[in-house]
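Chains as they are written, first to last, in the numbering used here: chain A, 1 to 505; chain B, 506 to 996.
Check the hints yourself; a few may be wrong.
Stated by the list, open to error - The list that follows gives simulated cross-link-like pairs (lysine-lysine, DSSO-like), each with its CA atoms no further than 27 Å apart:
| id | chain 1 | residue 1 | chain 2 | residue 2 |
| --- | --- | --- | --- | --- |
| 1 | A | Lys498 | A | Lys466 |
| 2 | A | Lys349 | A | Lys367 |
| 3 | A | Lys469 | A | Lys416 |
| 4 | A | Lys57 | A | Lys134 |
| 5 | A | Lys485 | A | Lys409 |
| 6 | A | Lys83 | A | Lys6 |
| 7 | B | Lys863 | B | Lys927 |
| 8 | B | Lys927 | A | Lys83 |
| 9 | B | Lys927 | B | Lys884 |
| 10 | B | Lys863 | A | Lys485 |
| 11 | A | Lys349 | A | Lys409 |
| 12 | A | Lys83 | B | Lys863 |
| 13 | A | Lys134 | B | Lys884 |
| 14 | B | Lys851 | A | Lys449 |
| 15 | A | Lys367 | A | Lys409 |
| 16 | A | Lys134 | B | Lys852 |
| 17 | A | Lys479 | A | Lys469 |
| 18 | A | Lys182 | A | Lys367 |
| 19 | A | Lys349 | A | Lys254 |
| 20 | A | Lys6 | A | Lys254 |
| 21 | A | Lys134 | B | Lys927 |
In case anyone wonders, no lab produced these hints; they're calculated from the structure. These numbers were taken from a predicted model, which means no experiment stands behind them.
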Amino acid sequence: MNLSAKWEVVVGIETHAQLSTVSKIFSGASTAFGAAPNSQASAVDIALPGVLPVLNKGAVERAIRFGLAVGGTVNRRSVFARKNYFYPDLPKGYQISQYEIPVVQGGSIAIVSATRGAIKVALTRAHLEEDAGKSLHEGLDMHGALGRGVTGIDLNRAGTPLLEIVSEPEMRSAEEAVAYAKTLHSLVRWIGICDGNMQEGSFRCDANVSVRQAGETRLGTRCEIKNLNSFRFMQQAIEFEVRRQIELIEDGGKVVQETRLYDSERNETRPMRSKEDAQDYRYFPDPDLPPLVIDEAWIESIRGQMAELPDAKRVRYERDYSLFPEDAAALTASAEIAAYFEQTLDELKLRSDVPYLSQSPDAANAKSVANWVLNELGALVNQAETTIANSRVTPRQLAALLAQLFNKKISSRGAKEVLAAMWAGEGDAEEIIAARGLQQISDAGALEKIVDEVLSANGAIVAEYKAGKEKSFNSLVGKAMAATKGNANPAQVNAILKRKLAGSS
Amino acid sequence: MITASVAELSRALLARRLSSVELAKALLDRIDAANPMLNAFLTVDRDGALAQAKAADTRIAAGNASPLTGVPLAHKDVIMTAGLRTTCGSRMLENFVAPYNAFVADRLADAGMVLLGKTNMDEFAMGSSNENSYFGPVKNPWDQTCVAGGSSGGSAAAVAARLVPAATGTDTGGSIRQPAALSGVCGLKPTYGICSRYGLVAFASSLDTPGAFGQTVEDCALLLNAMAGHDARDSTSVDRPAEDYMRLLAADAGAKPLAGLRIGLPREYYGSGVEPDIANAIGAAIDALKLLGATTVDVSLPNVEYSLPVYYVISPAEASSNLARFDGVRYGHRAAKYDDLMDMYKKTRAEGFGAEVKRRILVGTYVLSHGYYDAYYLKAQQVRRLIADDFTRAYQSCDVIVGPTSPTTAFCMGDNTDDPVKMYLNDIFTIASNLTGTPAISIPCGFDGKGLPIGLQIQGAAFAEAQILNVAHRYQQATDWHRRVPPDFSP
């Protein structure tokens, strides 16, 4: 975006992450997506008279995991409050949420900004709450009895546990906002608290956007942008909104605090409700739920069960394996790809044919493994439009192939061919190498013989080389490689050729 | 015999001197005859009751009965009963049939009690006279021009008129004890959390307490034994070992069974505003307790005078939120004609709720509103804490606190209906137990000049049910006020 240097963009993100519990936050009903309307709504979810909420410990546990992962404070005592408003898909007439004292406060998310480099985005809070149901305004055919203008209510989603994660307004561009959202998205999946499915609404972001003159310290009037159901839409919506606000102010207007809806088809934001329409939610502590008390032992037991976090892993990969920062970042973008990388390394260490891998710091090989996982296998995964978790080549199979490569039994080019064949289901590396005759020729005697044949059959080229045409050397290497169908060890061929050409001069 | 107490009926049933079916039939006939006068029952379930009675007789014959098996019961119509209409005294739920049983309904059914029907009440348990019922007021069995008290007026009147030996109620600010006092029966409000609120239509969640009505203290203890217990479905339910609330009652304690008991007399309870007949009866009751060995000690509850305003901030606040679910969308009343969603909400709630319920929803909405929350709701919660501290301090020098249950005896229908504050003053002595979550019982202790019953309230510290039951029971062993039956309903 080409912004006038006199404007600064300020973005804060609110995220609703649906927690991956089997049952709802205050009832025993299932949270599975896509069931027939109202088939997963219990007496509590439809708010029959006399029913009461009972807190799902699994939701709390996930909130604690999040608090630990972002380095926030897990409050030892937090309070559930009622947010009161009338809406047909809100069965109780209030939503149970946390207001004054949330379960998690503080913490941060580390991102890399194109303009500011590595930065930390501070989090304000993360609190537990229940989702509402859904109002279905279209496509209703209720026994044919009801006509147009009928709204149906599906309460399957009502009571689904959410963690609302609120960032400080610390992002300075749409690009940073997207980097934050992507990092957060990968983190919640990494720590296993949310499936991150944006199409099903498991991970929903709203952006609070404002602009101010460069150098100004006070915040401008913000607008909250909703309906950002992909990272691309988030980027576009924020960029649109920033342009709108700057143009408005430059034309002498004022930004009005309001909630705006992003329309992805028109790529614009539209007013949804203004601050004047804002409801008074009459928050008060829910008398049906005692304060949520979390003791030290619970936190420590969760801390003990937590896997290494992506940030720590990324730093370790760079340090121990000397990986490039971008490779380390790519390998820690998801738990699945990191697991694949580590399993491949583990498999290699277990192999008796590459004993040096378990002894030396194996940096060179780890770098190579990273390259193969990210680039060669990555390309096949992308081509098949799948994920690495569903890779058709297992870490063990890839390790078997790489062992051949590291032991110089196969050329790099041959290995790529074998990988594609493994992906196609032709078997393990050794079978494919044998079947396709891809064994690398490193036998000095055999190579000497081939080089001699090439030299005697291509006298003209040899003459050119001797006349000073350096390129002719490559041509001779090519002839030797072709004679072995590419299986000759190219370094050895080079050396033999050089020696023979020098000797015969 | 059919008008005997629960304990007496239990003995007769277990000895098979009486069958549960014949007992149920006789009482159902009695209800049919008396209910047109009293309006105590909203629903009578003859078929269901006779089936349960038959099952109870079988259980007794098989020798696995509990002390309550076969004994008839009525539930206040705020308590969910599967398959049986639960109206909450409101047009909003006029035809509502719950698909599930409240915890206390399950417990008493498991004990083998026979549910005869559901009793009338002030709409959504809001009221002190039962005049707020959509289905008309309950009349006092002692004088049918007078109110029975509220909100559990139907249960109190039904037990007083001997239509049923025992009934459940709920007490949010005195809704068991005040009608018990005005109708001349025993009414027990246990410690908050001892009986699960699961299946009670919520009025004010932090105050609502299910409890029991009986002719005798012993009957209340028998019912509490069955009703109390932890329930994982109510997060405010207390998880503590089961207790036998009868244990102190059975012991032979000699001529001075209350020796060593210190009775606290709060000076705030004995000022003006209490009718002279009531003050005299309470004085006589205290003398009787002293004769049983108790001593008295003056205590002070300096903040208790704020109970009423605190209650009338907190309870409407919670009610305004609790009653939001009655929106016409999923169940209950929905306006027949409406233009749009907002119109549907407005008409449904305007038609479905009565005046007192609307008043409290408005007050509650107001005190929770932005800008008023701190001044009202938060302040009320702080004063609530101070009131609790007063009681904690008082219980360092006394074991129970004794005083009148209500400042007046039963008043005439319509006398207080134009003045909500005057009506609210009926609960001046009972509200503090709800704000502090502590147990209290009201028992008959005499009559005023008009022949209307007077209630004695005995309050205790949290979980002191066994103690207050024992004090009340010893008083009943020495007196016979609880044996008096309203003349019109004397068998």
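Going down the list of hints, with the structure as the test:
Taken as a hint, the Lys498 of chain A and Lys466 of chain A pair is honoured in the structure, with Cα atoms around 12 Å apart against an allowance of 27 Å. A distance of roughly 15 Å separates the Cα atoms of Lys349 of chain A and Lys367 of chain A; the hinted pair therefore holds under the 27 Å criterion. A C-alpha spacing of about 33 Å is found between Lys469 of chain A and Lys416 of chain A, which places the hinted pair above 27 Å, so the restraint is violated. As the CA atoms of Lys57 of chain A and Lys134 of chain A are separated by approximately 25 Å, the hinted pair is consistent with the 27 Å bound.
Using a Cα cut-off of 27 Å, the hinted pair Lys485 of chain A and Lys409 of chain A holds, with the two alpha carbons roughly 15 Å apart. Taken as a hint, the Lys83 of chain A and Lys6 of chain A pair is broken in the structure, with Cα atoms around 40 Å apart against an allowance of 27 Å. Taking the CA atoms of Lys863 of chain B and Lys927 of chain B, the gap is near 18 Å; set against the 27 Å cutoff, the hint holds. With a C-alpha separation of about 33 Å, the suggested pairing of Lys927 of chain B with Lys83 of chain A is violated against the 27 Å cut-off.
Restraint check for Lys927 of chain B and Lys884 of chain B: satisfied, since their Cα atoms lie roughly 23 Å apart, inside the 27 Å limit. Annotation: proposed proximity of Lys863 of chain B to Lys485 of chain A is violated, straight-line Cα distance about 91 Å (limit 27 Å). Simply put, Lys349 of chain A and Lys409 of chain A have alpha-carbon atoms about 18 Å apart, close enough for the 27 Å limit, and the pair holds. Taking the CA atoms of Lys83 of chain A and Lys863 of chain B, the gap is about 20 Å. The hint holds against a cut of 27 Å.
Taking the CA atoms of Lys134 of chain A and Lys884 of chain B, the gap is near 37 Å; set against the 27 Å cutoff, the hint is violated. The hinted pair formed by Lys851 of chain B and Lys449 of chain A fails the criterion: a straight-line CA distance of about 98 Å is larger than 27 Å. Among the hinted pairs, Lys367 of chain A with Lys409 of chain A is consistent with the structure: their alpha-carbon atoms are about 19 Å apart, no more than 27 Å. As the CA atoms of Lys134 of chain A and Lys852 of chain B are separated by approximately 24 Å, the hinted pair is consistent with the 27 Å bound.
In summary, the hint linking Lys479 of chain A to Lys469 of chain A is supported, as the alpha carbons are separated by about 16 Å, within the 27 Å threshold. Annotation: proposed proximity of Lys182 of chain A to Lys367 of chain A holds, straight-line Cα distance about 25 Å (limit 27 Å). For the suggested pair Lys349 of chain A and Lys254 of chain A, the alpha carbons sit about 64 Å apart, so the restraint of at most 27 Å is broken. Note on Lys6 of chain A and Lys254 of chain A: the hinted pairing holds, with a Cα-Cα distance of about 17 Å set against a maximum of 27 Å.
Taking the CA atoms of Lys134 of chain A and Lys927 of chain B, the gap is near 46 Å; set against the 27 Å cutoff, the hint is violated.
Violation of the numbered hints given earlier is confined to hints 3, 6, 8, 10, 13, 14, 19, 21; the remaining hints are satisfied by the structure.
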